[in-house]
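A.B. asks: Kindly produce the complete structure, drawing on both the sequences and the hints.
In the numbering used here, each residue carries its 1-based index in the sequence shown increased by 1.
Among these hints, one or two may not hold up.
As the list claims (entries may be wrong) - Within a straight-line C-alpha distance of at most 16 Å, the following computed EDC-like cross-link-like pairs (lysine to aspartate or glutamate) qualify:
1) K365 / D205
2) K523 / D74
3) K459 / E473
As the list claims (entries may be wrong) - Restraint ranges, calculated between C-beta atoms of paired labels, are given here:
4) T659 / S86: 43 to 51 Å
5) E369 / H480: 17 to 25 Å
6) K677 / Y705: 21 to 29 Å
These are calculated hints, taken from the structure and not from any lab test.
Glycine included, each C-beta is placed from N, C-alpha and C at the ideal position.
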Amino acid sequence: MTELWSSGSLDSSHSMDKSITLPPDEIFRNLENAKRFAIDIGGSLTKLAYYSTVQHKVAKVRSFDHTAKTEGDPLYEISMQEEVSARLHFIKFENAYIETCLDFIKDHLVNTDTKVIKATGGGAHKFKDLIEKKLKLRVDKEDEMTCLIKGCNFVLRNITHEAFVYAKHADSEFRFQNTHPDIFPYLLINIGSGVSIFKVESEDTFERVGGSSIGGGTFWGLGALLTKTKKFDELLQLASKGQHTNVDMLVKDIYGGSYGSLGLTGDLIASSFGKSATPDKEFSKEDMAKSLLHMISNDIGQLACLYARLHNLTRVYFGGFFIRGHPVTMHTITYSINFFTKGEVQALFLRHEGYLGTIGAFLKGAEEDNPNQYSWGENYAGSSGLMSTSPDLNPMQRARSGTFDMLEMDRLERQLVNLPLLQDPSSYIPDTVDLSEDALAREYWLYCFEEALDGVVKRAVASQPDLPEAAERAEKFRHKYQHKLQTLRHQPFAYGSLTVRSLLDTREHCLNEFNFPDPYSKIKQGENDMALKYFQKAVKSLGELSWEQRQFALVRGLLAGNVFDWGAKAVSDVLESDPEFGFEHAKLQLEDNSGIDIILGVFPFVRELLCRGTEVVLASNSSPALNDVTNSELQILTERIAAMDLVIQSAVKEDRLTLVQSGSSSPCLDLSRLDKVLAGVVRERHVDLVIIEGMGRAIHTNYYAILSCESLKMAVIKNSWLADRLGGKLFSVVFKYEVPPAEYNIAL
2 MTELWSSGSL DSSHSMDKSI TLPPDEIFRN LENAKRFAID IGGSLTKLAY
52 YSTVQHKVAK VRSFDHTAKT EGDPLYEISM QEEVSARLHF IKFENAYIET
102 CLDFIKDHLV NTDTKVIKAT GGGAHKFKDL IEKKLKLRVD KEDEMTCLIK
152 GCNFVLRNIT HEAFVYAKHA DSEFRFQNTH PDIFPYLLIN IGSGVSIFKV
202 ESEDTFERVG GSSIGGGTFW GLGALLTKTK KFDELLQLAS KGQHTNVDML
252 VKDIYGGSYG SLGLTGDLIA SSFGKSATPD KEFSKEDMAK SLLHMISNDI
302 GQLACLYARL HNLTRVYFGG FFIRGHPVTM HTITYSINFF TKGEVQALFL
352 RHEGYLGTIG AFLKGAEEDN PNQYSWGENY AGSSGLMSTS PDLNPMQRAR
402 SGTFDMLEMD RLERQLVNLP LLQDPSSYIP DTVDLSEDAL AREYWLYCFE
452 EALDGVVKRA VASQPDLPEA AERAEKFRHK YQHKLQTLRH QPFAYGSLTV
502 RSLLDTREHC LNEFNFPDPY SKIKQGENDM ALKYFQKAVK SLGELSWEQR
552 QFALVRGLLA GNVFDWGAKA VSDVLESDPE FGFEHAKLQL EDNSGIDIIL
602 GVFPFVRELL CRGTEVVLAS NSSPALNDVT NSELQILTER IAAMDLVIQS
652 AVKEDRLTLV QSGSSSPCLD LSRLDKVLAG VVRERHVDLV IIEGMGRAIH
702 TNYYAILSCE SLKMAVIKNS WLADRLGGKL FSVVFKYEVP PAEYNIAL
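C.D. replies: This is how it looks when you write it as C-alpha cells:
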C-alpha cells in the first residue's frame with residue numbers, strides 16, 4: 002500500500018488539505034494516457050478504474066542478410082523499440098480523499114476524449130455533482146449487482162490464485178485455489194448491509210435467488226447499541242479480543258456435556274446471548290461483539306449452505322463490506338459453512354473482492370471494445386497485493402487515513418487457454434513447491450533472489466551500453482524488487498501462492514517496468530553464434546554412433562545444453578569465472594536455454610525424431626525471460642540451421658517441424674495459460690508425446706503434472722538446495738518418462 006500524507010489533519014471528518022501531493026508514478030500511474038473511467042463509491046471507500054496505454058521498450062531481433070555476412074558478424078540484429086500496450090488501473094482509497102483525488106485527476110488528464118464516467122455503488126448518487134463538476138464528465142450510473150457479478154467473473158477468469166480458503170489455525174492462513182477452466186456456475190454471497198445471494202450461470206446469466214435482512218448492517222447497528230462503538234473496524238477489533246462463551250449458552254451449559262444422540266458437541270452454541278439474561282452480571286464489550294459476530298455469521302453461513310444445496314452448487318464465494326479481508330469475519334463464515342455442510346462445501350474468498358464493482362462498471366463502459374475477448378494478467382510491479390489483515394496489526398493501519406491500494410492488469414498479446422492434454426485441468430497445479438506453506442523453503446528462495454539481485458542489475462546495465470541512464474533505471478529496479486521481496490517475506494500471500502515461478506515473474510515485471518525487456522539478449526546472441534559453428538560437427542559425430550549409443554548421446558547433449566542457465570547461481574558463478582567453460586565441460590558435469598541448449602541440445606534431438614517420421618511442434622517463449630530462447634529468435638535459428646541441414650530444411654518445408662509461441666514470458670510454464678494457437682495446433686496434430694525441458698518448466702513447475710498422453714520431463718538440477726530436497730546432488734539429472742494413468746487409457 003502507498004501512504005498519502007498531509008501536513009494538515011488526517012481526520013476524515015475534516016475537509017481535505019489542498020496541499021496534499023499525490024505522486025503520480027506511485028498511485029495514479031499513466032494517468033496522462035487514460036482513456037476511460039469508472040468509479041464505485043461505497044459507504045467509506047472509493048474504487049476508481051481507468052484504462053490507459055503504456056509505452057515501454059521491447060527487444061526485437063531481425064535476421065541479417067546472410068549472403069553478405071562476413072566472419073565475426075552476429076547472427077541477428079538486436080534493437081530496442083517502443084511499443085504501446087493496454088493496461089487497466091484500479092485504485093482504492095477512503096472517501097475522505099475523493100475531492101483531492103478528483104482534483105489531481107483533472108489536472109493530469111492530457112490525452113483523453115472521454116465524456117462519460119461509469120459509476121456504481123451507493124455513494125454514486127451522493128458524489129454525482131462533485132464528480133461532474135471536477136472532471137467535466139457525465140456520470141452514467143450502472144446497476145450495482147450487475148457490476149459486482151461482471152467484476153467477479155473477470156477476476157476469476159483472469160487472475161491466478163484469485164480465490165482462497167481461509168484457515169485461521171493453519172501454517173498458511175490463505176490456501177489459494179487453482180483457476181478452474183470453467184468458472185460457472187457458482188453462488189455469490191454478497192454481505193453488505195443485508196445479504197444478497199446470486200446464482201451465476203454464465204457471463205450474462207444470473208439471478209438473485211435469496212437473501213436476508215440480517216447482514217453487515219445488523220452487526221454494525223446492534224454492535225453500536227451494545228458496545229457504544231460506532232466504527233465498524235473498531236467493532237471487529239473488539240470481537241477479535243472477545244470470548245463468546247461468556248455470553249452464549251452452549252450445549253454443555255444445558256446438558257452438562259454433548260448431546261450424543263443428536264450429534265451435538267458440548268461446545269456448540271445452543272443459544273446466542275443465552276447467558277446475557279443472568280441477573281446482576283456485567284458483560285464486556287469484547288465478549289458481546291464476539292457473540293454478535295458469531296450469531297450473524299452462523300445465520301449467513303446456514304443460509305448460504307441451504308441455497309448451495311438447493312441449487313446443487315459447491316463453489317460459494319463471499320464478498321461485500323462485511324468481509325473486506327477481515328480475518329475475524331472470514332474465520333467465522335468458514336467455520337459456519339464447514340459445520341453446516343460437514344466439509345462438503347468450502348467458503349471461498351477473493352483477493353480483489355473490493356474491486357469487483359468498479360471492474361464491472363468499467364467493463365460495462367468498455368463493451369464496445371469487448372475486453373473479455375482478451376486474456377489479462379496481474380502486473381505485480383504496480384499492484385499492492387493482498388495486505389495483512391491481522392486484527393493485531395491492522396487497527397492502526399485501518400484507522401490511519403491516506404492508505405491507497407492498487408491493482409494493475411495488463412492486456413496480453415495472446416489469448417491464453419488450457420493445454421488440451423492436461424488430464425484434469427480443474428486439479429492441475431503448476432508449481433511443485435508452495436513457499437507459502439513451507440517456511441524453510443520460503444526463506445531459502447527469498448535469500449537466493451536477494452543474493453542474485455546484484456548480478457541481475459549488472460546484466461541489465463550491460464544489456465544497454467549505449468544508454469547512459471541505464472544505470473539509474475537499474476538502481477530503481479533494484480529498489481522496487483527489493484521492496485517486493487521484503488513485502489513477500491512478511492506477506493507471502495500478497496499475490497496468491499508464493500512460488501519460485503511467482504518470484505521470477507515478479508522480477509520480470511519489475512525489469513520491464515524500468516525498460517529492461519531482455520537483459521540477457523547479448524549473451525544469447527553470443528551463445529547462438531558460437532553454437533551454430535559446432536552444429537554440423539555435432540550432427541556428424543552423432544551419425545557415426547550406433548542407434549543405442551546415439552540415443553544416450555542425444556539425451557546427454559540435451560541435458561548438457563540445459564546446464565547453460567544464467568538464472569541458476571551455481572551455473573552463473575562458473576560461467577563468470579571460466580568463460581571457456583563449454584559443451585564438453587557441461588557433459589562431464591552430468592555424472593532450455595538459448596545457444597548451446599537449443600542448437601546443440603534440442604535441435605539434434607528434434608532431428609532424430611524427424612528422421613523417425615515424427616512430426617514435431619517446438620513451443621518457445623513469446624517474450625524474453627532470463628536466457629530462454631524466444632519464438633522470434635527460434636525462427637531465425639531454425640532458418641540458419643535449415644540452410645546447413647537437409648533434414649531440418651525438408652521438415653520445415655513439409656510442415657513437419659512447426660514453431661509456435663507458448664504464450665509464456667517466464668522461465669517456468671503454466672500449462673493452464675498457453676497460447677490459444679498452440680492449443681489448436683496440439684489438437685490438429687493429435688500430439689501424443691509432450692517433452693518438457695528445463696529446470697523452470699520441468700522441476701519448479703509441472704514436476705507432478707499429469708497429462709493424457711505420454712510425457713517426458715527432463716532437466717539438470719542447478720541448485721544445490723533443490724537437489725538435496727529431491728534426494729540428489731548439484732547437476733543431478735531428472736529424466737522422467739510418464740504414461741497416462743491406466744483408467745484414462747480405459748476411458749479412451
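A.B. asks: Could you work out which of the previously given hints the structure breaks and list their numbers from low to high?
C.D. replies: Going through the list in order, the structure violates hints 4, 5 and respects the others.
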